Amino acid sequence: MTVSTATPEPTATPLPAGSPALSVSPALSVNHVSKVFDVSAPWLNRVIERRPKLFVEAVSDISFTVEKGTCFSIVGESGCGKSTVARLVTGLYATSSGDISFGTGETGRPIKVQMIFQDPHSSLNPRWRVGDIIAEPIREMKLRDSEKETLDRVRELLETVGLGADDALKYPHEFSGGQRQRISIARALASEPELLVCDEPTSALDVSVQAQILNLMRRLQDELGLTYLFISHDLSVVRHMSTHIAVMYLGRIVEQAPVEALFTNPQHPYSKLLLATIPDIENPKRRVEAQAGEPPSPLNPPSGCAFHPRCPVAVAQCSAVAPDLFQTASSGMVACHLVERA
Amino acid sequence: MMVQPIPVPEQESDTTPALDVQGLSVEFPTRRGVLTAIDEVSMQIAPGEILGVVGESGAGKSITGLAVLGLLEHPGRIAKGAIHVGGRRVDTLTEAELTKVRGREMGAIFQDPLTALNPLFTVGKQLVETIRLHNDMTRPQANERALELLRSVGIPAPEERLRQYPHQFSGGMRQRVVIALALAAGPRLIIADEPTTALDVSIQAQITALLRKLCDETGVGIMLVTHDMGVIAETADRVCVMYSGRVVESGPVNDVIHNPQHPYTKGLMAAIPSLHDRVEVLSQIDGSMPRLNARPSGCAFHPRCPQAGPKCSVENPALKVVDTTSAACWLQQGGTR
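Heads up: the sequence lines are chains W and L, in that order.
Residues 1 to 342, numbered by the numbering used here, are exactly what the first sequence covers, in order.
Residues 343 to 679, numbered by the numbering used here, are exactly what the second sequence covers, in order.
Isolated chain L, as found in the complex:
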C-alpha cells in the first residue's frame, strides 16, 4: 500500500506537551448529591507519544477523554483542574471557541465507526467538509487532501472509495476513515476511545499498527482509552491505570506490565489468562469496582485489596514516583499502618 506522510502544521516548539491535564475532577450533580466521576486526575502526553488509559468499565477513562474534548454530557461539569492541549487551555473556552479547537487541535476516534460517520453522505463529502471547515482550501485542494489522507490510513483505491457511502465499507475500513477524519486538520492530540473494541483481532492488529505509524510520522499525541491490556502492551508508550475515577499507577508500558507496583495493577495483570502457560485457577480480585455513590473512604481499592491496612481506609494515597513508575499506594509510601 502507498504510504505518504501527512504534512504536519508548523509548531512553535516540539516540547509543548500535546496534552497536559492537571488535577482534573469531573462531577455529576444529581438529586441525591454530587457524584465525583473523576477525582484529581493528572496526565501528560508528549508529541508523538501514545498514552494508554486502561481500567475496568466505570473507572472514568472515557469521561477523562470526553472532558478533554469538552464533550461532557449535561449535567457533567469540570469541578477542578486545568486541561491544556498543545499549550492552550481548553477547559475554560466557551462552546463557540471549543468548536473551533475541536477537530483542529484535537481529533476523536470512537468505538463504533458506523455511528461516527453520517450514512447519508459519501465518505469523500464528509472528509472534504471537515477539511474545508478547518483549513482555508478550495474544493479541488480539499479533494486532493482527502485522497492523501485516505492513502495514508491505508485504504486501497481511494479515488473510488471517496465516492462511496459508509455502508459500503467494512468495519476495519470504516475505522480507517474515522481515523482519516480525525487527522483531517492535522491535530496535535487524538483521543481514541476503544478504537478496536468493535473489531476482530486480525483487524485490530492492523488498526493499532496504523495508529503507531501515524503517531511516528505526524508527531500527533494519542490518548488510547481501552480496557484491553493486550492492546496497551502492543501499542502504547506509557500507560495510566485508572480505578474508580483515580489514576492508581502510571509509567512506561513495559515497567507497569512486568513490574506493577499497585496491588490493583498486580491483580489485574494476574487475572488475565496467559497465552503461554496454563494455570488451574486464575488469580482473581474478589468483588467489583465500587459505584460512584458508594466509593469507600481512603483508597477506593482497599475493600478488595489483599494487602490493605488500617491507614488505607482513612487516607487516600497520592501518586508517588517509585523507580520508573508512579503508584498511589501506601505500601510504597511508608506502609499501611
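Okay, chain W solo, but in the shape it has when bound:
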C-alpha cells in the first residue's frame, strides 16, 4: 500500500440537534408514501401457467420529516424497504402514492439532494480518472464557469475528504475501500447538496476504516451544515450518527424516536428484539436463548400487524388490525396496539 491517508480530523464542536436557527422548515418531508413493485412472472408464463399478477408493497404509507442539520436514520433488517426509501427520496424510483417534498435551501430554491452508495467498488466508473468522476456533476450542472475553476474545485473537494490533490489523476482501482468511499463522498459533495442520502455507507468497510468515514461524515456535517438521511442495519453506527431513528419492519415504520429515547426505552416489541439481538461487545449476553422466528416474505405479509407471528406479547387484536403510528407519552411515535396512547 503506497498511498497513505493521514487525515487530521479537526476537533469538531457538536451541532445542537434542531437548534432554533436551523429548524425553520424541515429539509425533507415524506407524506404517506407507498411504493409497489410489479414482480409478476413474464406475460407468457402468466398466460400458460394461469398465474395472477404479483405485487410487492416494498414501502407502505410511511411519513417522516427530517429537520435541517440533523441526521435521520432508518434501521431494519434486509427486505424491510429501507433502501427503497432512500431511492424514493433521491428520485431513483417514482412513488406509487404519497408525496415527498424538500424544504427551501440557502438560495431560496428547494434544497439539493445527493446520494452515497453502499459499495464503493461498484459505484465508481473504473475507466474514469478520479478527477473526472468528481468533476462530472460540476461540468454537467455548469456550477463553475471555466475548466480551471472546475479543477480547483475538484482539488478542494479531494482535500475536504482527506485525499491529496494529486489523487485526481489516479484511477479508482488504485485506492482502498475506505479511500474509494471518500471519493464517492467528494463526488456527492461536488454538486453542493444540502441533504445527503447515505445508503449503508460503511457496511462494506472494515471497522478501523469505518471509524475514519464516520468521523469524516460528522465533520462535514458540522462544517457544511449538511442534513443526512442515513440508512443502515448497524445499530451501533446509527447510534453514533443520528439524532432521530425510525425502525422499519416489512415496509412500515414501527417506531420513530430521538436516538437516546429509542436506545434507552424502546417501545415496540420489534425494536426491543433488535436491541436485544445485536452483539454487544461490552456486555455479551452469550447464554441468552435467541428469539426464534424470521421476517416473513413481503410477497405474503401476515394480516394485521406484520410483526405479530414473531411477537412475544401479541394478542388477538394484533392479527386482525394493523396498528397505525401514533404519538406516545414519551417523545416518540410507535405502531403497536399494546403501547398506551398519549
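No lab work stands behind these hints: they were computed from the structure.
Check each hint, because a few of them may be wrong.
[As the list claims (entries may be wrong)] If you anchor each label on the Cβ, the simulated ranges turn out as follows:
| # | chain 1 | residue 1 | chain 2 | residue 2 | range |
| --- | --- | --- | --- | --- | --- |
| 1 | W | ASP152 | L | ARG633 | 19 to 25 Å |
| 2 | W | SER303 | L | THR357 | 32 to 38 Å |
| 3 | L | GLU415 | W | GLY293 | 35 to 41 Å |
| 4 | L | LEU475 | W | ASN31 | 56 to 62 Å |
This structure is a prediction, so every number in the text was calculated from the model and none was measured.
Glycine is no exception: its CB is placed at the ideal position from the N, C-alpha and C atoms.
Model the placement of chain L on the given structure of chain W, informed by the hints.
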C-alpha cells in the same frame, strides 16, 4: 424445538487438540515475486472450544481456514509449518487422502449458504449422500440420521424439509442445513468462515447460539472466522487477532476485549461505535492495512501505530505471553527502542 444431542464418535483421548497449527506460512508465487499471505501463524483449538479468528479484510483469516481444509487455490501453497487435526497431520496428505479426511474429520461452513448447497437436489438427498460417503450406513439408516441432524440444528418439521430444495429455505434455515451437513460425519473440527455475515441480526443471534450449543453438546472444536468483534464477544471462548498475515494478539475473549495489549487491538476496539455511550469523534486508526506486496519491514503495524519506535520498523516481534493473553509487540517485550 426438539433438541437431541448428536452421538459423538469414540475418541481415543479428549485432550488431543481439535486443531493444532504450528508456524504455518502460506505463499502465493506470482510473476512479480512470492507473496506471503500468512506468516508463521500458530493456533490451537481444544475439543468443545470456539476459537474466534478476527481481523480486517486481507488479514489472512480466511486463508488460514482454507489452508487447514486443504482448499488453498492454485498457486497458493503451504511453505512452512504443520497442521494437525485431531492429532493427525493433514498438510502433508495427498489430495485423495485429504478427500477422505475432509468432511469426516473437519467440516466447513461458509458465508453464503445458497452457494454451499446444490440447487438441483433436495436437502435430504444432499444430507444422505454426505452421511453415506463417510459412514457405513444403509439408505434408511442415513435417512434417520439426516432427520436427527436437522432436528439438532433446530429445523422445524424435518420430515417435510428433507424433501424440499434449498430455494424453499430462508437464509437462516439454509445456514442451519449447511451446519447440519458440516456435522454429518461427526467431525472434530468445524471451520466456520463468516457464517453469519450474510444474515440479519436477529437470525445471526440464533445461528451463533446454535453453534455454541452444538459445541457444548458434541465436543466439536470450531474455528470461527469473522470480522465482527460483536460476534466474537458473544460466541468465542478464545480469540486470535490477525493483522497482515500474522497473529498479533491471542487470548481469552474477555481479556482481549476488555484489556487489549497490542496497539492494533486497542485501536480496533476503540474504533467500534459503542451501543452504550455516544462520543463526538470515534478514535480511528489512520491509513489502511498494507498490501501483501508492500508489507513494511519489522512489525507490519508500525506505520499506523501511535506508539511505534525505532525498533518496530526493523525487527518483527514474536508472540509473547503477557498476563493471560499473548501479544506480538515490542512494548510488552522491553520497549520499542
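Going down the list of hints, with the structure as the test:
| no. | hint | in the structure |
| --- | --- | --- |
| 1 | W/ASP152 to L/ARG633: 19 to 25 Å | violated, 32 Å |
| 2 | W/SER303 to L/THR357: 32 to 38 Å | violated, 56 Å |
| 3 | L/GLU415 to W/GLY293: 35 to 41 Å | holds, 38 Å |
| 4 | L/LEU475 to W/ASN31: 56 to 62 Å | holds, 60 Å |
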